[in-house]
Amino acid sequence: MTMSEVIAAPERGGDGAAATGDVPPDYLRAASGVRSWLTTTDHKRIALMFYVVVLVMFMVGGLFALALRVELLTPRRTVMDAMTYNRMFTLHGVTMVWMFLIPAIPAVFGNFILPMQLGAKDLAFPRLNLASFYVYVSGLLITLGGMLAGGTDTGWTFYTPYSDSSPTRLLPVVSGVFVLGISTIMTGINFIATTHMLRAPGITWRRIPLFTWTIYGTSIIMVLATPVLGLALALVGVDHVLHLGIFDPAVGGDPVLFQHLFWFYSHPAVYIMILPAMGVISEVVPTFAQRRPSSYMAIAMSTLGIALVGFLTWGHHMFVAGISELDAGIFGALSMFVAVFSALKVFTWVATLYKGRIRLGTPLLYFFGFLFLFVFGGMTGVAVATQSLDIHWHDTYFVVAHFHFVMVGGSVTAFLAAAHYWFPKMFGRRYSERVGALSATAVFLGFVLTFFPQFLLGNMGMPRRYYSYPERFQWLHVLSTGGAFLLAGAIVLALGNLLVSLRWGPKAGSNPWGSRSFEWLSASPPPKNNFPAVPVLDFSPYDYTQSEEEAHARAFPR
Amino acid sequence: MNQLMRKLLFLPPQASSMAGEIDALHYVVILTTLLGAALTTAVAVFFVVKYRARGPEAERPREKPAPRPPVWFEVVVVVGLFGLFVLWWIVGFSQYVRARVAPPDTLDVYVTAKQWMWKFAYPDGHSSLGTLFVPQGRPVKLIMTSRDVIHSFYVPDFRAKQDVIPGRYTTIWFTATIEGAHQILCAEYCGTGHSTMRGQVVALAPADYARWVGQAAAQDLSSFPDAGGAATGAPSMARVGERVAADRGCLRCHTVDGTPHIGPTWAGLYGSSVPLADGQAVLADEPYLTESMMDPLAKVRRGFRPVMPSYQGLLQAPEAAAVVEFIKSLRDVPPAAAGPMPPPTGPLPSQPVTP
Numbered sequence: 061m062t063m064s065e066v067i068a069a070p071e072r073g074g075d076g077a078a079a080t081g082d083v084p085p086d087y088l089r090a091a092s093g094v095r096s097w098l099t100t101t102d103h104k105r106i107a108l109m110f111y112v113v114v115l116v117m118f119m120v121g122g123l124f125a126l127a128l129r130v131e132l133l134t135p136r137r138t139v140m141d142a143m144t145y146n147r148m149f150t151l152h153g154v155t156m157v158w159m160f161l162i163p164a165i166p167a168v169f170g171n172f173i174l175p176m177q178l179g180a181k182d183l184a185f186p187r188l189n190l191a192s193f194y195v196y197v198s199g200l201l202i203t204l205g206g207m208l209a210g211g212t213d214t215g216w217t218f219y220t221p222y223s224d225s226s227p228t229r230l231l232p233v234v235s236g237v238f239v240l241g242i243s244t245i246m247t248g249i250n251f252i253a254t255t256h257m258l259r260a261p262g263i264t265w266r267r268i269p270l271f272t273w274t275i276y277g278t279s280i281i282m283v284l285a286t287p288v289l290g291l292a293l294a295l296v297g298v299d300h301v302l303h304l305g306i307f308d309p310a311v312g313g314d315p316v317l318f319q320h321l322f323w324f325y326s327h328p329a330v331y332i333m334i335l336p337a338m339g340v341i342s343e344v345v346p347t348f349a350q351r352r353p354s355s356y357m358a359i360a361m362s363t364l365g366i367a368l369v370g371f372l373t374w375g376h377h378m379f380v381a382g383i384s385e386l387d388a389g390i391f392g393a394l395s396m397f398v399a400v401f402s403a404l405k406v407f408t409w410v411a412t413l414y415k416g417r418i419r420l421g422t423p424l425l426y427f428f429g430f431l432f433l434f435v436f437g438g439m440t441g442v443a444v445a446t447q448s449l450d451i452h453w454h455d456t457y458f459v460v461a462h463f464h465f466v467m468v469g470g471s472v473t474a475f476l477a478a479a480h481y482w483f484p485k486m487f488g489r490r491y492s493e494r495v496g497a498l499s500a501t502a503v504f505l506g507f508v509l510t511f512f513p514q515f516l517l518g519n520m521g522m523p524r525r526y527y528s529y530p531e532r533f534q535w536l537h538v539l540s541t542g543g544a545f546l547l548a549g550a551i552v553l554a555l556g557n558l559l560v561s562l563r564w565g566p567k568a569g570s571n572p573w574g575s576r577s578f579e580w581l582s583a584s585p586p587p588k589n590n591f592p593a594v595p596v597l598d599f600s601p602y603d604y605t606q607s608e609e610e611a612h613a614r615a616f617p618r
Numbered sequence: 009m010n011q012l013m014r015k016l017l018f019l020p021p022q023a024s025s026m027a028g029e030i031d032a033l034h035y036v037v038i039l040t041t042l043l044g045a046a047l048t049t050a051v052a053v054f055f056v057v058k059y060r061a062r063g064p065e066a067e068r069p070r071e072k073p074a075p076r077p078p079v080w081f082e083v084v085v086v087v088g089l090f091g092l093f094v095l096w097w098i099v100g101f102s103q104y105v106r107a108r109v110a111p112p113d114t115l116d117v118y119v120t121a122k123q124w125m126w127k128f129a130y131p132d133g134h135s136s137l138g139t140l141f142v143p144q145g146r147p148v149k150l151i152m153t154s155r156d157v158i159h160s161f162y163v164p165d166f167r168a169k170q171d172v173i174p175g176r177y178t179t180i181w182f183t184a185t186i187e188g189a190h191q192i193l194c195a196e197y198c199g200t201g202h203s204t205m206r207g208q209v210v211a212l213a214p215a216d217y218a219r220w221v222g223q224a225a226a227q228d229l230s231s232f233p234d235a236g237g238a239a240t241g242a243p244s245m246a247r248v249g250e251r252v253a254a255d256r257g258c259l260r261c262h263t264v265d266g267t268p269h270i271g272p273t274w275a276g277l278y279g280s281s282v283p284l285a286d287g288q289a290v291l292a293d294e295p296y297l298t299e300s301m302m303d304p305l306a307k308v309r310r311g312f313r314p315v316m317p318s319y320q321g322l323l324q325a326p327e328a329a330a331v332v333e334f335i336k337s338l339r340d341v342p343p344a345a346a347g348p349m350p351p352p353t354g355p356l357p358s359q360p361v362t363p
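These protein sequences, in sequence, are chains S and F. Going by my numbering, the first residue of the first sequence is number 61, and it counts up by one from there. Going by my numbering, the first residue of the second sequence is number 9, and it counts up by one from there.
Please note: incorrect hints may appear among the correct ones.
[Stated by the list, open to error] Straight-line alpha carbon distances no greater than 27 Å define the calculated DSS-like cross-link-like pairs of lysine-lysine that follow:
id	chain 1	residue 1	chain 2	residue 2
1	F	K307	F	K149
2	F	K58	S	K415
3	S	K415	F	K72
4	F	K127	F	K149
[Stated by the list, open to error] If you want the ones that stay clear, here's a sample from chain F, every Cβ over 12 Å from chain S, calculated:
id	residue
5	Q11
6	F141
7	A215
8	Q223
9	G266
Hints in this document: simulated from the structure, not taken from any laboratory. In this text, a Cβ means the ideal position worked out from N, Cα and C, and glycines have one as well.
Model the full structure from these sequences, guided by the hints.
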């Protein structure tokens, strides 16, 4: 641990605060001016910059979604033509996947919380962290530029050979996503290095807080899977411009090869989106139950299990694409393992409530929404991995409903839980619990109303990406559109509550939830270097047999 | 019970031989899913109510660590859950294999998809656009390819779907059990008109189907102007294929009477096991025959030199289909009439994949 001690030691000479015993200014006030933000290497400030941009992209993607839902109110043209609709669903997918969901929890809360949970003063490579933000913004600008220049209509999956010949601006969009991927890889490398090298003295692998475990697992996927996406998208872009025929059968290419490459990334990528969400829940539940997780190792190891098995299941996206029966059998069986690992986590969370001393709060309400939606959405994942059932469901609204249950019902719900749970940590203030509870309930109801009808649409046989549709599907589409507006309103209410509390919320104190997890050992908001001295963390982050004072005394011995 | 569940889940009519059993598995899986999610959430809510923090004890540290569930409980839960998933997998996979591997003696129809329409070519030479006529109660196999991008042939009433891919052939089979029209939808995004790429399968009683075939043959519905002779009435697809093979020079290297020449003979080829140059063997079915036209060097027959040029882009999809149909018509011509044959290989399975 000598290495990490050296690296994690705060700069005592810098502001002299720790030496003199004065309270150092928090990270928000440590320096002022736009320049101090744009050139900062403080992981907390970079996390906030990500937070702002990610939320803007969430709004943009949400507006695309509402436009799509409005168009689907009637079986024929409602407000836009087919070409616009097709571009719109592509933009919705690209924005939500690469600009919101993938960076959402890791780049915002991972960036802010992971070093603090390890007792470090920053990430291992602070400048790489800042660079990853600017690379992310560049990728975003390139993609958005491509969208403004006309966008593309291939869907976020860019399936060949349609994307080879699509008469739209494919190249800027795939180039932008390529650049976004570089940012993801930079973030992943930084988190892995930090987890290995910067753990404070005493933090063994069995004492790493569970949120950090899931961000670590996520980072492994980011580093191993994203290069394949970059490769596949680069080839599509080149094919589109130069007609090399890599994927176009008219010039000797293989269109199905692209699907293999794409899903080799994009299936693990869904775990980039859901694992951090599971990490948030794994922090919220022990804190609000005031007890240790019923099985720490079950959560930690199933995280690694999902990260690794996730690489072996991509073929379940291709059951009707002409893969052999044997392949379908193997990919189907391997997919079941992911469900077992996820179920382990679910049972552990529920068992953690057993004999707890449970206090209600907005993050815990989000946990209940998450629990129902994730279990239902996850088990419909097992259903679509069952080969004969997938024949009917593949490329219908059933699949759309399934992945929105996991991505919105799971990841977005957990993102909102994290936004509330760590709000006092990040800004030192509390939000209104009443508005929080109201918005959490409304998010759940709006969500169910939006996406439950889509399961039924899928059962009826409504295919995805349909601009016009047979009239028998209309009433369910109308229900779904109504739900979408309720959901959007609820999310605006939730974020508005936080925004108002930024300025007018009451002061929170350093640890309003009474959590024992390590990030709460510092002040809220934390000072620039996170902790007054290098903490000694030779105890569990879920040890509720010792009081907060005892934990402090052990972490910072005099 | 079946009909009640089907209506509760908004499933369309069960109009194929496979639909009923696939739906049965569907009911089990979805009910378990709903029950599992509801039960998990209910237990969590129960715990929150029962173990809510009361008064000042919430602030004191706990005297001893909170209890952990016993290990045997965890093992039972994980093994039980895994067992359930394996059960679904066994049933689902066996259904999938049966839904994918066509029975022998199907009625074969060639399907060409293009932006944004479906075209069906029947073995006796006529064709139809948008509407596929099939006899009720008889297994029908569709041999499908696309002329542009990937499409997907989807009939919700049959619980059947298969991607249709340019440059290669994929197949799907079904037996329609309910007479009448069943909607075809394209399920793979294929451009601006994707959602308008619909059609229907019309299942006719066998007698009606025979009558329809007679009428269709009487009207000239031939769709192969390239093959020439279309004006003389609708030739069978095999006849069209013979003409294409002659026009395109296929017969300069391939014989139809069993004698090997520059290329292997076509006599008795269809359905046989073809020994390859690399020691493997392959079943001479529609996909293999088509691949050998489009990418001849992919699988070269043992004993022949790799000299055949690719016909990619030279043969239209219906022409290639017609040549395949011609080769199929030669399946009963004895192959070893004269000349040396390539050395035989060991015993081979008659199907490429068995479950």
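Against the structure, the hints:
1. F:K307 with F:K149: 25 Å, holds
2. F:K58 with S:K415: 8 Å, holds
3. S:K415 with F:K72: Cα-Cα ~12 Å, so holds.
4. F:K127 with F:K149: 15 Å, holds
5. Q11: 15 Å, holds
6. F141: Nearest chain S Cβ is 21 Å from F:F141, so the label holds.
7. A215: The claim holds: F:A215 sits with its nearest Cβ about 30 Å from chain S, beyond 12 Å.
8. Q223: 29 Å, holds
9. G266: 32 Å, holds
Against the hints set out earlier in the document, no violation occurs for any number.
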